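Colleague: Protein chains in written order, with the numbering used here: chain A, 1 to 309; chain B, 1 to 342.
The hints are simulated quantities; they were obtained by calculation from the structure and are not laboratory data.
Nothing here was measured: the structure is a model prediction, and the numbers come from that model.
A hint or two may mislead.
Listed below are several chain A residues computed to face chain B (Cβ distance under 7 Å; list not exhaustive) [stated by the list, open to error]: (1) Ala-45; (2) Lys-53; (3) Phe-140; (4) Gly-152; (5) Ala-237.
A virtual CB, placed ideally from N, CA and C, is assigned to each residue, including glycine.
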Amino acid sequence: MEKNKQTSTKETAEQQKPEDVSAEKPTVVRASPKLNRSPLHGLWALTNRDLRKWYTNPIQLITSLIQPVVWLALFGKALNFGTFISGSGATVAQQNAILQGFFGTTSYFSFLACGMLAFVVLFTSAFSGMSVVFDRRFGFLNKALSTPVARGAVVMGKVLQSVGRSLIQAAIVLVIAVILGMDTSHFNVVGIAGAFVIIFLMATGLSALFTMLALRSSDWQTQVALINLINLPLLFASNALFPIKIMPAWLQDIVRVNPVSYANDAVRQLLIGATVHLAALWVDFAVLIAFAVILSAIGIVLSWRLLSK
Amino acid sequence: MSTTQAETTLSSVIVTVENLSKVFGKLKAVDNVSFEVKMGEIFGFVGPNGAGKTTTINILTTLMKPSSGSAVVCGYDIFKDPNEVRRNVGVVPQEYTADEDMTGINNVLLCADLYGIPRSDSKPHAQELLKLVELQDAAKRKVSTYSGGMRRRLELACGLINYPKLLFLDEPTLGLDVQTRTVVWKYIKMLKDEYHMTLFLTTHYLEEADSLCDRIAIIDHGHIIRIGTPEELKESIGGDVIAVTLKESEPDISSDIASVKLVKNVQKTDNNYRIKVELGEEASPQIMDVIRSKGLHVTKISLTKPTLDEAYLEFTGRTLREEEGDKMQMFRQRVTVRRARS
Numbered sequence: 001m002e003k004n005k006q007t008s009t010k011e012t013a014e015q016q017k018p019e020d021v022s023a024e025k026p027t028v029v030r031a032s033p034k035l036n037r038s039p040l041h042g043l044w045a046l047t048n049r050d051l052r053k054w055y056t057n058p059i060q061l062i063t064s065l066i067q068p069v070v071w072l073a074l075f076g077k078a079l080n081f082g083t084f085i086s087g088s089g090a091t092v093a094q095q096n097a098i099l100q101g102f103f104g105t106t107s108y109f110s111f112l113a114c115g116m117l118a119f120v121v122l123f124t125s126a127f128s129g130m131s132v133v134f135d136r137r138f139g140f141l142n143k144a145l146s147t148p149v150a151r152g153a154v155v156m157g158k159v160l161q162s163v164g165r166s167l168i169q170a171a172i173v174l175v176i177a178v179i180l181g182m183d184t185s186h187f188n189v190v191g192i193a194g195a196f197v198i199i200f201l202m203a204t205g206l207s208a209l210f211t212m213l214a215l216r217s218s219d220w221q222t223q224v225a226l227i228n229l230i231n232l233p234l235l236f237a238s239n240a241l242f243p244i245k246i247m248p249a250w251l252q253d254i255v256r257v258n259p260v261s262y263a264n265d266a267v268r269q270l271l272i273g274a275t276v277h278l279a280a281l282w283v284d285f286a287v288l289i290a291f292a293v294i295l296s297a298i299g300i301v302l303s304w305r306l307l308s309k
Numbered sequence: 001m002s003t004t005q006a007e008t009t010l011s012s013v014i015v016t017v018e019n020l021s022k023v024f025g026k027l028k029a030v031d032n033v034s035f036e037v038k039m040g041e042i043f044g045f046v047g048p049n050g051a052g053k054t055t056t057i058n059i060l061t062t063l064m065k066p067s068s069g070s071a072v073v074c075g076y077d078i079f080k081d082p083n084e085v086r087r088n089v090g091v092v093p094q095e096y097t098a099d100e101d102m103t104g105i106n107n108v109l110l111c112a113d114l115y116g117i118p119r120s121d122s123k124p125h126a127q128e129l130l131k132l133v134e135l136q137d138a139a140k141r142k143v144s145t146y147s148g149g150m151r152r153r154l155e156l157a158c159g160l161i162n163y164p165k166l167l168f169l170d171e172p173t174l175g176l177d178v179q180t181r182t183v184v185w186k187y188i189k190m191l192k193d194e195y196h197m198t199l200f201l202t203t204h205y206l207e208e209a210d211s212l213c214d215r216i217a218i219i220d221h222g223h224i225i226r227i228g229t230p231e232e233l234k235e236s237i238g239g240d241v242i243a244v245t246l247k248e249s250e251p252d253i254s255s256d257i258a259s260v261k262l263v264k265n266v267q268k269t270d271n272n273y274r275i276k277v278e279l280g281e282e283a284s285p286q287i288m289d290v291i292r293s294k295g296l297h298v299t300k301i302s303l304t305k306p307t308l309d310e311a312y313l314e315f316t317g318r319t320l321r322e323e324e325g326d327k328m329q330m331f332r333q334r335v336t337v338r339r340a341r342s
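Turn these sequences into a full structure, and let the hints steer you where they fit.
Modeller: Below, the structure is given as structure tokens:
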């Protein structure tokens, strides 16, 4: 309150000497400068606005990492399939052969760590829609739309900021997984780079999906409901937590059309050299490229229709 | 802009709206509205909440598409050239849209980026504008530390970043205290007087419309009820009223008073006269002269000028509205008022 008072008195004081303002007359009206008219202008500005909120606020970053780390450390470590099998009297060699058969690797923890990367991407992308809702509610969206910035850039700005977050959070989760004992014997530069390309593609498609669902929404509660409605099935009806082999046939069919499964499959092949494939690596890439491109395109087309009432 | 240029453009028209309508479901938010805004004037839209003010502004700033009708803003059709309209107008929305986590200067630069203004131009210009609205000292502070008045001024700087020819201001002083409101008015007048900018504002403060606007449109239920200068609107509900009380009740001098040129109508009750006149200041001494020439004495005299409030209530009706609440708009107004007072 005290601070407020000071400001008001200052304003009144300033008001008494308006000649100070006009002393150096700024150019307010004049021929416009040479404008950047490319449809991409403003895209980085919008992306960076959202990213800045995140990297200047480490609490947000840390809290968003808690969930995957808890999954890894508690769920991943507790579900010790090795003991399961050795308890039944199998030798170490037999045990490894069984694990290899199911998971494509002898370490369930490493198998799950790859799935956790998808988990992080799913939940980070989901919040891109929430971000649209808040921009709408606080009027920023209208302000952006009253400028000549491309409507598609508004959508893609949201997508890109969410992709940026996903990549960094996935990298952090990967480091934590390694610290917790993930198998690094298959790590190589090309594999890691490839895995992040996959994460980039999956994040793009998912963020475009959540952004387009929020284009007309002004209600954040609907967004929370949507996130759970879409994310949990996408997560559980995929091979993120368990291999496709152990699932009932009807579920396997669903898993096979879920793009998240192809991302997990590719990441496992690239990072831990998993030998049990859902599909060949190039098929994984093709599916995810199609997923990212098609959903982004739909998002941009919808932005032309839905962003002006 | 040179003076000669300003003079030649003063009479020309910058906004032409023809038969504009916007229908939401069954509600006609804007109903067949036509008007013009002249270059260089401050044009005000006055009306109760839900009258269609913001909807009209949203259409003219290309945020909404009208259901029917046409509008030309700064020489560009809102349907055919929405991007040119956007490049030529500035918008100061009702809400505080600045990003709380960013500094003042970065907010202005973000707006510049959205207009596609190169940084080589926008950096010095943003500094200039922040100086104009007296925020240069707070430029590098986060907006979350700003007072309501500072936020409003920052919005103004953002709205000016693209060198607009026409600036839209939606409820520019909503929720501000008296001092801050006066400061905002000062800027609005300065933009008109010194920069010959055209301003289009909405308000439900009549005092604001009266002191700022060259012309006012009173809008209600999506219709424009009257357009005119504040004086014309006041005039149209009847002119000034002079009330005179005489020492003596006799004789009746009504006809003598009525013979004064500016007097329109005289009513007498006992020794009180209620005189409707044009130009009250000029009429009252003349009336005094007439009374004195009859050898009578005045004990009391008062001059009442009609206010815009009266004109407004006359045109929009005096009943309190039970409006259809727009959830979204209420939320935004609440946020705006709360932040204005923070």
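Colleague: List in ascending order the numbers of the hints, as given earlier, that are violated by the structure.
Modeller: Hints 4, 5 contradicted; others consistent.
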